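Place chain B on chain A using the hints.
Residue numbers (this note's numbering), protein chains in the order written: chain A, 21 to 130; chain B, 88 to 203.
It should be emphasised that the hints constitute simulated quantities derived from the structure, not laboratory data.
Worth double-checking, as some hints may not be accurate.
Claimed, not checked - The calculated lysine to any residue pairs, modelled on SDA-like cross-linking and capped at a C-alpha distance of 20 angstroms, are:
#1 A:Lys65 with B:Pro148
#2 A:Lys22 with B:Ser201
#3 A:Lys99 with A:Lys117
#4 A:Lys117 with B:Ser201
#5 A:Lys22 with A:Lys117
#6 A:Lys117 with B:Glu139
#7 A:Lys22 with B:Lys107
#8 B:Lys131 with A:Asn47
#9 A:Lys117 with B:Val99
#10 A:Lys99 with A:Gly29
#11 A:Lys65 with B:Lys131
#12 B:Lys131 with A:Arg21
#13 A:Lys117 with B:Lys107
#14 B:Lys131 with B:Ser153
#15 A:Lys22 with A:Lys62
#16 A:Lys125 with B:Val125
#17 A:Lys65 with B:Ala175
#18 A:Lys62 with B:Val99
#19 B:Lys131 with B:Ser201
#20 A:Lys125 with A:Asn42
#21 B:Lys107 with B:Ser160
#22 B:Lys155 with B:Thr94
#23 A:Lys117 with B:Thr145
#24 B:Lys170 with B:Arg199
#25 B:Lys170 with B:Ser153
#26 A:Lys125 with B:Asn128
#27 A:Lys22 with A:Thr38
#28 A:Lys22 with B:Arg151
Small disclaimer: the values here were computed from a predicted structure and weren't measured.
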Amino acid sequence: RKEVEQDPGPFNVPEGATVAFNCTYSNSASQSFFWYRQDCRKEPKLLMSVYSSGNEDGRFTAQLNRASQYISLLIRDSKLSDSATYLCVVLSGGYQKVTFGTGTKLQVIP
Amino acid sequence: GEEVAQTPKHLVRGEGQKAKLYCAPIKGHSYVFWYQQVLKNEFKFLISFQNENVFDETGMPKERFSAKCLPNSPCSLEIQATKLEDSAVYFCASSPQPGTTGGTQHFGDGTRLSIL
Numbered sequence: 021r022k023e024v025e026q027d028p029g030p031f032n033v034p035e036g037a038t039v040a041f042n043c044t045y046s047n048s049a050s051q052s053f054f055w056y057r058q059d060c061r062k063e064p065k066l067l068m069s070v071y072s073s074g075n076e077d078g079r080f081t082a083q084l085n086r087a088s089q090y091i092s093l094l095i096r097d098s099k100l101s102d103s104a105t106y107l108c109v110v111l112s113g114g115y116q117k118v119t120f121g122t123g124t125k126l127q128v129i130p
Numbered sequence: 088g089e090e091v092a093q094t095p096k097h098l099v100r101g102e103g104q105k106a107k108l109y110c111a112p113i114k115g116h117s118y119v120f121w122y123q124q125v126l127k128n129e130f131k132f133l134i135s136f137q138n139e140n141v142f143d144e145t146g147m148p149k150e151r152f153s154a155k156c157l158p159n160s161p162c163s164l165e166i167q168a169t170k171l172e173d174s175a176v177y178f179c180a181s182s183p184q185p186g187t188t189g190g191t192q193h194f195g196d197g198t199r200l201s202i203l
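Chain A with its partners taken away, still in its complex shape (with noise of 0.2 angstroms):
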């Protein structure tokens, strides 16, 4: 079993709907948990950090669940823009073993 676990995709969903993604750790002890999002043949850039009481940034809602050992990411009113690979990243071992996720595509359609 993988350390980090996201459903591929590709997730199609059409502008302005509600899409969900959420990404499984092995780790117990895992400690810091985020959202990437890289764009085609670019390099990764952090959308946001996941926090335990959960966080929100606009049309962004991230979750973390210790008990069940995943993390989501909400993504509301969906815009062409949010068009991406979206990578879960775990951090433990002292915030620096670093270990991403394989990524869930996202494609939102006109």
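Chain B only, in chain A's frame:
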């Protein structure tokens, strides 16, 4: 600098040749990471450094891959006797000391390595 700078942007080598990639982390960042991404597939962690010391090298194929981060020099990733399967984009990232912002990684644009 304010950005992670990777050079070259694209590197082409014949099978069996050596390839060397460079990464200058953001000034003040103590941690440097190297990743390999093959054809937009998952990121494979290779190695991380804390300043010039190897922090975690569990992802490195040790027989042909080596990496260094020396003081006052860009970090480097070197592949000896390249194989076709080494063709990938190699990303470098840096992050500040662990702490309130410890987990955030800043990525360079990547070096696209093509082995012919």
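Tested hints:
no.: 1; hint: A:Lys65 with B:Pro148; verdict: 26 angstroms, violated
no.: 2; hint: A:Lys22 with B:Ser201; verdict: 28 angstroms, violated
no.: 3; hint: A:Lys99 with A:Lys117; verdict: 33 angstroms, violated
no.: 4; hint: A:Lys117 with B:Ser201; verdict: 28 angstroms, violated
no.: 5; hint: A:Lys22 with A:Lys117; verdict: 15 angstroms, holds
no.: 6; hint: A:Lys117 with B:Glu139; verdict: 17 angstroms, holds
no.: 7; hint: A:Lys22 with B:Lys107; verdict: 30 angstroms, violated
no.: 8; hint: B:Lys131 with A:Asn47; verdict: 18 angstroms, holds
no.: 9; hint: A:Lys117 with B:Val99; verdict: 31 angstroms, violated
no.: 10; hint: A:Lys99 with A:Gly29; verdict: 18 angstroms, holds
no.: 11; hint: A:Lys65 with B:Lys131; verdict: 16 angstroms, holds
no.: 12; hint: B:Lys131 with A:Arg21; verdict: 15 angstroms, holds
no.: 13; hint: A:Lys117 with B:Lys107; verdict: 24 angstroms, violated
no.: 14; hint: B:Lys131 with B:Ser153; verdict: 15 angstroms, holds
no.: 15; hint: A:Lys22 with A:Lys62; verdict: 24 angstroms, violated
no.: 16; hint: A:Lys125 with B:Val125; verdict: 16 angstroms, holds
no.: 17; hint: A:Lys65 with B:Ala175; verdict: 19 angstroms, holds
no.: 18; hint: A:Lys62 with B:Val99; verdict: 19 angstroms, holds
no.: 19; hint: B:Lys131 with B:Ser201; verdict: 17 angstroms, holds
no.: 20; hint: A:Lys125 with A:Asn42; verdict: 12 angstroms, holds
no.: 21; hint: B:Lys107 with B:Ser160; verdict: 14 angstroms, holds
no.: 22; hint: B:Lys155 with B:Thr94; verdict: 15 angstroms, holds
no.: 23; hint: A:Lys117 with B:Thr145; verdict: 10 angstroms, holds
no.: 24; hint: B:Lys170 with B:Arg199; verdict: 14 angstroms, holds
no.: 25; hint: B:Lys170 with B:Ser153; verdict: 15 angstroms, holds
no.: 26; hint: A:Lys125 with B:Asn128; verdict: 11 angstroms, holds
no.: 27; hint: A:Lys22 with A:Thr38; verdict: 28 angstroms, violated
no.: 28; hint: A:Lys22 with B:Arg151; verdict: 25 angstroms, violated
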